[in-house]
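**Student:** As a plain string of letters, each chain reads:
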Amino acid sequence: MLKLNGEVFTSGVATYSDDDPSLNSKQTSVHVRIYLPEIRQKFLYAKIDPATSWVILNSDINEQLGLRAYSNDITLQTAAGKMRGCLERWPITLIADKGDALKIDATLFVCNEWTRGNFLGYSGFLERIRFAVDPHYRKFYFGQISQKV
Amino acid sequence: MNTFAQTIYPQNPLALNNQESKNLSLGEHRKDLQPITHDRDVDRIDLIEQFATAYIERTGRRFLDEHLHDVLRVYGRFPLDCELITQRPGKEGFPKESYGNHSLKSNFFGILNYASKNPLRTYELDTLLAGLQKAEQNFENQRSNPGHEAFVLLARTKKLLNEQRIQDARSTLEHGARLYPKDMGIARLLRAISPGQTTRVKSTAMANRNREIAWIRKHGIHYRGQWVAIRNDELLASAKTLRSVLEKLKQRELTDEEALIQYIVPK
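The listed protein sequences derive, respectively, from chains A and B. Just so we're aligned: 140 in my numbering is position 140 of the first sequence, and the numbers increase by one with no gaps anywhere. To convert, take the position in the second sequence, counting from 1, and add 149; that gives my numbering.
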């Protein structure tokens, strides 16, 4: 647990990965594991990306969750260009190696054509938690915004 | 009765003549109607572009985006059809709107791009134009609908979301939810973007998969484009489809709970 000014700041910590092993990509960033009990593989790596909005999951994951864009009236500018889809709420759990995991009501940007990996953006996800990154030990700390000891 | 194209461009030689119009039934694919191959075929793409520009200038309206997007999706398989242009993706509510002329334009350009590879036949063009007219009528109809204000509020909210003005969008939706508590579109979007709950969960139910991840790092490169099922350091199954992997696990009397199942994306 991390504390700030004597109060609990985060309640869980996970070792993050520089890359998403399923993507075989050498691009380095902060990838944490998330838990989605509804999908076959249960666990996913997702990139922490405060520069984007919403949570974006690959379309095959959306399909397993039973999500499909019911409209295309929300747009999101991405590295792959402007993507279109809709917004849905879905619980996503950040997995902790130590401490407690955190289940977050996330806002998903559901796009039927997205295949470029899973992203945890600021609006709709990161804004709803407290988090800290320790690059030296590859640790991602996280907790509820209002913590009670 | 003039076609929509003739209404807008009565002087335009590319528009269909009355006889041709009589042969057309909107939304109907007339295979017996021979594609016209003389000079007006050459410039039909220009006509669509002119139409798009005139339409945007004339109406200043912005709700066709969704329908045209659908048209682009399906046009490769079906003839253009009024219903495809104007249909509502949802079962209830209002016609889907778009939020900027640029969106409408970009869809037209999408059509143009497609049409440049697969030239539209004149009767398809007429159908397209008629579809747009129908969509415009839908818009007029829903403007006089008592729920129009909620519709406009929702459209504004989506525009805010597209501009990444999330807090403004939330405030607008919260205000809208108070004004129009029965509007499902507002309720659904408000729920989607509302903060919701954050709950601490014991991690014991979530198995540590570090060994499986290490296996993927080491061997995944050889399984690109495939689903793999791994338990500890052992590859239990691999296949092109998830279903095949699950069947292989079943044959080995293993459950999918026991393995880490992962798709390895192609390079």
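Keep in mind that the hints are not guaranteed to be accurate.
DSBU-like mimics (lysine-lysine), calculated; alpha carbons at most 35 Å apart, straight line [what the hints assert, rightly or not]:
(1) A/Lys139 - B/Lys331
(2) B/Lys351 - B/Lys399
(3) B/Lys399 - A/Lys103
(4) B/Lys308 - A/Lys3
(5) B/Lys351 - A/Lys82
(6) A/Lys103 - A/Lys3
(7) A/Lys82 - A/Lys103
(8) A/Lys3 - A/Lys82
(9) B/Lys367 - A/Lys103
(10) A/Lys103 - B/Lys397
(11) A/Lys103 - B/Lys389
(12) B/Lys367 - B/Lys399
(13) B/Lys351 - B/Lys367
(14) A/Lys3 - B/Lys351
(15) B/Lys399 - A/Lys98
(16) B/Lys331 - B/Lys351
(17) A/Lys139 - A/Lys103
(18) B/Lys308 - A/Lys103
(19) B/Lys367 - A/Lys98
(20) A/Lys98 - B/Lys331
(21) A/Lys82 - B/Lys399
(22) B/Lys331 - B/Lys367
(23) B/Lys331 - A/Lys82
(24) B/Lys389 - B/Lys399
(25) A/Lys139 - A/Lys82
(26) B/Lys308 - A/Lys82
(27) B/Lys351 - A/Lys103
If you only want the chain B side, here are some residues facing chain A, beta carbon under 8 Å, derived [stated by the list, open to error]:
(28) Lys307
(29) Leu309
(30) Gln346
Quick caveat, the hints were computed from the structure, so don't treat them as lab data. Yeah, the Cβ is synthetic: ideal placement off N, Cα and C, and Gly gets one too.
**Student:** For every hint, state whether the structure bears it out.
**Tutor:** Cross-check of the supplied hints:
1. Of the supplied pair hints, the one linking lysine 139 of chain A and lysine 331 of chain B is violated, its CA atoms being roughly 46 Å apart against a limit of 35 Å.
2. Simply put, lysine 351 of chain B and lysine 399 of chain B have alpha-carbon atoms about 30 Å apart, close enough for the 35 Å limit, and the pair holds.
3. Between the alpha carbons of lysine 399 of chain B and lysine 103 of chain A the distance comes to roughly 31 Å, so the proposed pair stays at or under 35 Å and holds.
4. For the suggested pair lysine 308 of chain B and lysine 3 of chain A, the alpha carbons sit about 40 Å apart, so the restraint of at most 35 Å is broken.
5. This hinted pair does not check out: lysine 351 of chain B and lysine 82 of chain A have alpha carbons roughly 38 Å apart, beyond 35 Å.
6. A distance of roughly 20 Å separates the Cα atoms of lysine 103 of chain A and lysine 3 of chain A; the hinted pair therefore holds under the 35 Å criterion.
7. The suggested pairing of lysine 82 of chain A with lysine 103 of chain A holds, with an alpha-carbon distance near 29 Å, which does not exceed 35 Å.
8. Taking the CA atoms of lysine 3 of chain A and lysine 82 of chain A, the gap is near 40 Å; set against the 35 Å cutoff, the hint is violated.
9. For the hint pairing lysine 367 of chain B with lysine 103 of chain A, the CA-to-CA distance comes to about 31 Å; that is within 35 Å, so the pair holds.
10. As the CA atoms of lysine 103 of chain A and lysine 397 of chain B are separated by approximately 32 Å, the hinted pair is consistent with the 35 Å bound.
11. About 32 Å separates the Cα atoms of lysine 103 of chain A and lysine 389 of chain B, which keeps this hinted pair within 35 Å; it holds.
12. Proximity of lysine 367 of chain B to lysine 399 of chain B is assessed by CA-CA distance (about 26 Å); at most 35 Å being required, the pair is judged to hold.
13. Distance check on the hinted pair: lysine 351 of chain B and lysine 367 of chain B sit about 30 Å apart at the alpha-carbon level, within 35 Å; holds.
14. At most 35 Å may separate the alpha-carbon atoms for a hinted pair to count; lysine 3 of chain A and lysine 351 of chain B meet this at roughly 20 Å.
15. Between the alpha carbons of lysine 399 of chain B and lysine 98 of chain A the distance comes to roughly 33 Å, so the proposed pair stays at or under 35 Å and holds.
16. With a C-alpha separation of about 38 Å, the suggested pair lysine 331 of chain B and lysine 351 of chain B falls outside the 35 Å cut-off, and the hint is violated.
17. Between the alpha carbons of lysine 139 of chain A and lysine 103 of chain A the distance comes to roughly 18 Å, so the proposed pair stays at or under 35 Å and holds.
18. Between lysine 308 of chain B and lysine 103 of chain A the CA atoms are separated by roughly 29 Å; this keeps the pair inside 35 Å, and the hint holds.
19. The straight-line distance between the Cα atoms of lysine 367 of chain B and lysine 98 of chain A is roughly 26 Å, inside the 35 Å bound, and the hint therefore holds.
20. Among the hinted pairs, lysine 98 of chain A with lysine 331 of chain B is inconsistent with the structure: their alpha-carbon atoms are about 44 Å apart, more than 35 Å.
21. Of the supplied pair hints, the one linking lysine 82 of chain A and lysine 399 of chain B is violated, its CA atoms being roughly 41 Å apart against a limit of 35 Å.
22. For the proposed pair lysine 331 of chain B and lysine 367 of chain B, the alpha carbon gap of about 54 Å is over 35 Å, so the pair is violated.
23. For the given pair, lysine 331 of chain B sits about 32 Å from lysine 82 of chain A by alpha-carbon distance, which is consistent with the 35 Å threshold.
24. Proximity of lysine 389 of chain B to lysine 399 of chain B is assessed by CA-CA distance (about 16 Å); at most 35 Å being required, the pair is judged to hold.
25. Restraint check: the Cα-Cα separation between lysine 139 of chain A and lysine 82 of chain A comes to about 32 Å, which is no more than 35 Å; the hinted pair holds.
26. For the proposed pair lysine 308 of chain B and lysine 82 of chain A, the alpha carbon gap of about 14 Å is at most 35 Å, so the pair holds.
27. Distance restraint check for lysine 351 of chain B and lysine 103 of chain A: the Cα-Cα separation of roughly 10 Å lies within the 35 Å cut-off, and the hinted pair is therefore satisfied.
28. Taking 8 Å as the C-beta cut-off, the interface hint given for lysine 307 of chain B holds, the closest approach to chain A being about 5 Å.
29. With a cut of 8 Å, the hint placing leucine 309 of chain B at the interface with chain A is violated, because the nearest CB-to-CB distance is about 11 Å.
30. A cut of 8 Å between beta carbons decides the hint on glutamine 346 of chain B: the least distance to chain A is about 5 Å, and the hint holds.
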